[in-house]
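If you read the protein sequences in the order shown, they are chains A and B. Reading the first sequence from the start, the letters are residues 0 to 319 in numbering that gives the first Met the number 0. Reading the second sequence from the start, the letters are residues 0 to 319 in numbering that gives the first Met the number 0.
Because the hints were derived from the structure by calculation, they are not lab data. Some hints here could point you the wrong way.
Unchecked claim - Sample of chain B residues at the chain A side, in silico, Cβ under 8 Å: (1) Ser140; (2) Gly141; (3) Ser147; (4) Gly150; (5) Ser161; (6) Glu165; (7) Asp208.
Even glycine gets a Cβ: it sits at the ideal position worked out from N, Cα and C.
Okay, here's what each chain looks like letter by letter:
Protein chains: 2
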Amino acid sequence: MHLVTGGAGLIGINLVDRLLSRGEIVIALDNLVRGRETYLRRFAGRPGFRFAQVDCADLAALRRALAEVAAPGQIREVWHLAANSDIPAGVAEPSVDHRNTFLTTFNILIAMRELEIHVIRFSSSSSIYGEFGDRIIEEDSGPLRPISNYGAMKLASEAQISAALESFLRRADIFRFPNVVGIPATHGVIYDFVAKLRRAGDRLDVLGDGSQCKPYIHVDELVEAMLFIADRANDRLNVFNIAPPDDGVTVRYIAETVRDIVAPAAEIRYGSGDRGWVGDVPKFRYSTARLDRLGWRPKLTSADAVSRAAREIAAQRHGE
Amino acid sequence: MHLVTGGAGLIGINLVDRLLSRGEIVIALDNLVRGRETYLRRFAGRPGFRFAQVDCADLAALRRALAEVAAPGQIREVWHLAANSDIPAGVAEPSVDHRNTFLTTFNILIAMRELEIHVIRFSSSSSIYGEFGDRIIEEDSGPLRPISNYGAMKLASEAQISAALESFLRRADIFRFPNVVGIPATHGVIYDFVAKLRRAGDRLDVLGDGSQCKPYIHVDELVEAMLFIADRANDRLNVFNIAPPDDGVTVRYIAETVRDIVAPAAEIRYGSGDRGWVGDVPKFRYSTARLDRLGWRPKLTSADAVSRAAREIAAQRHGE
Numbered sequence: 000m001h002l003v004t005g006g007a008g009l010i011g012i013n014l015v016d017r018l019l020s021r022g023e024i025v026i027a028l029d030n031l032v033r034g035r036e037t038y039l040r041r042f043a044g045r046p047g048f049r050f051a052q053v054d055c056a057d058l059a060a061l062r063r064a065l066a067e068v069a070a071p072g073q074i075r076e077v078w079h080l081a082a083n084s085d086i087p088a089g090v091a092e093p094s095v096d097h098r099n100t101f102l103t104t105f106n107i108l109i110a111m112r113e114l115e116i117h118v119i120r121f122s123s124s125s126s127i128y129g130e131f132g133d134r135i136i137e138e139d140s141g142p143l144r145p146i147s148n149y150g151a152m153k154l155a156s157e158a159q160i161s162a163a164l165e166s167f168l169r170r171a172d173i174f175r176f177p178n179v180v181g182i183p184a185t186h187g188v189i190y191d192f193v194a195k196l197r198r199a200g201d202r203l204d205v206l207g208d209g210s211q212c213k214p215y216i217h218v219d220e221l222v223e224a225m226l227f228i229a230d231r232a233n234d235r236l237n238v239f240n241i242a243p244p245d246d247g248v249t250v251r252y253i254a255e256t257v258r259d260i261v262a263p264a265a266e267i268r269y270g271s272g273d274r275g276w277v278g279d280v281p282k283f284r285y286s287t288a289r290l291d292r293l294g295w296r297p298k299l300t301s302a303d304a305v306s307r308a309a310r311e312i313a314a315q316r317h318g319e
Numbered sequence: 000m001h002l003v004t005g006g007a008g009l010i011g012i013n014l015v016d017r018l019l020s021r022g023e024i025v026i027a028l029d030n031l032v033r034g035r036e037t038y039l040r041r042f043a044g045r046p047g048f049r050f051a052q053v054d055c056a057d058l059a060a061l062r063r064a065l066a067e068v069a070a071p072g073q074i075r076e077v078w079h080l081a082a083n084s085d086i087p088a089g090v091a092e093p094s095v096d097h098r099n100t101f102l103t104t105f106n107i108l109i110a111m112r113e114l115e116i117h118v119i120r121f122s123s124s125s126s127i128y129g130e131f132g133d134r135i136i137e138e139d140s141g142p143l144r145p146i147s148n149y150g151a152m153k154l155a156s157e158a159q160i161s162a163a164l165e166s167f168l169r170r171a172d173i174f175r176f177p178n179v180v181g182i183p184a185t186h187g188v189i190y191d192f193v194a195k196l197r198r199a200g201d202r203l204d205v206l207g208d209g210s211q212c213k214p215y216i217h218v219d220e221l222v223e224a225m226l227f228i229a230d231r232a233n234d235r236l237n238v239f240n241i242a243p244p245d246d247g248v249t250v251r252y253i254a255e256t257v258r259d260i261v262a263p264a265a266e267i268r269y270g271s272g273d274r275g276w277v278g279d280v281p282k283f284r285y286s287t288a289r290l291d292r293l294g295w296r297p298k299l300t301s302a303d304a305v306s307r308a309a310r311e312i313a314a315q316r317h318g319e
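Full structure from sequences and hints, please.
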């Protein structure tokens, strides 16, 4: 039996879907702040699916929810995806990431120790690295100097998991990935651009000068890679960068792609500066050689992922 | 005006003493759980010294204390030393280090932002690195895989400081050091051995087989190095290993040194295994080349530091 926290979010929905297709019993937890209950409708009637609305940052509530959805010893592994995903919100108010990004991990580890669950698979982030300039970032690279509270609390989560491996944990997989795109989208640059163009079809205002360049991975490929690592990696601690095989695409590319799909006649207006908000890393390069050696590589480039996600998000109806 | 958190602990007392000698005004904060008020008596009558008993993990209490001891704009820099220092206690119960090691840092940063204090100097730890085996640990080494909750929450603190440098902080000095010895001692292996021999003068029971080897720095030299870095380093973020110029001394050496001072006739009995408790790193090697390049190097070896501290602690009267 698998437990998926953040199970009603973008990655959670797609992961739960894949796990159910494998015949697994899956318990999804979500506080339904960004994740949406309507997204879960697709699992209605599928055998093995259970859901509980709970905020993992509330340890007492988490304990109660787990006691209700599973008998002791049933849950064998935890996919811990629950986190704040609004990085600018966490820059303005550090307690957002302390609570939603770190305490969720801290509490899940406490609950796992109590329930004797020994395997965690954790969605970390490229943001733990900070700015490496032109250096290519490998999993063992240092120093780690996150520049957002989100990145800081993802690194804190990794550190807490690392320490737990010395006590009760037997295995931890840590997935470090950049921006994820796809459906059901709840937030993010493509989602925002689609929404802006729906509100005012004649123009699209973009934060920054559009030159900001980042890799984007499609959620389908991300989930495929996570499952591949879970199946194939063999260490106690398996840390993997997961990213497309390129340096990314610019905000300008994303704006034009979304504009062409949603409102081809709209004018795009850019701001100034190479980053949208404090704590945003303007450019980075990721090594995925470790994942390549394990035997997995993405088929979609960042441009492919963005184009596909833009079409999917534009076609997404509320609650889909 | 300097603020020193953990100001009644081993490092705090010695740092406050040095800062006062420089003519600085110093506010010491301490929850007096391990730090002791009696240690502060030495500052009675010295101009520029202020003290407030407060738990920095309680943000409301911290804000009240700071409002009482200083007018807005007076405090120019913070020496943040407050933390759990009982690593085994944090292994048994993760909330100890979350609260006392991480939340203290998290709250101090919130208070600093509110009071527009832009300089922090932070006592981090060699425990953030985890086990590097025979590799020599430099400040930029990776991966960082702490094996204790204490190390995890020190790394989390560094990460939060790193993110704060992107918003309101202008300068952060991060000191990473191993075990510190000296007086006033509140805990630690020498302190424990002295206490055990005082209780039962005929024998000394040692956890582990005595082969565990670690570097020890004397508090006088540590404080000297911290002040040197504060005075001489010039980057926004200055991360320095501070350690003696050797691989350390064994627990056996410490046991024999303390025995010879306190109860020369006592028998030393060893346990088994190369570490005293889960989360303890059995051996590590530290590079201090960066600090050497800055122009500071320790005069005492680990053996010197332990021998001197053993004599000091044996001569220490309660409340001294």
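Hint numbers not upheld by this structure, sorted from lowest to highest: 7
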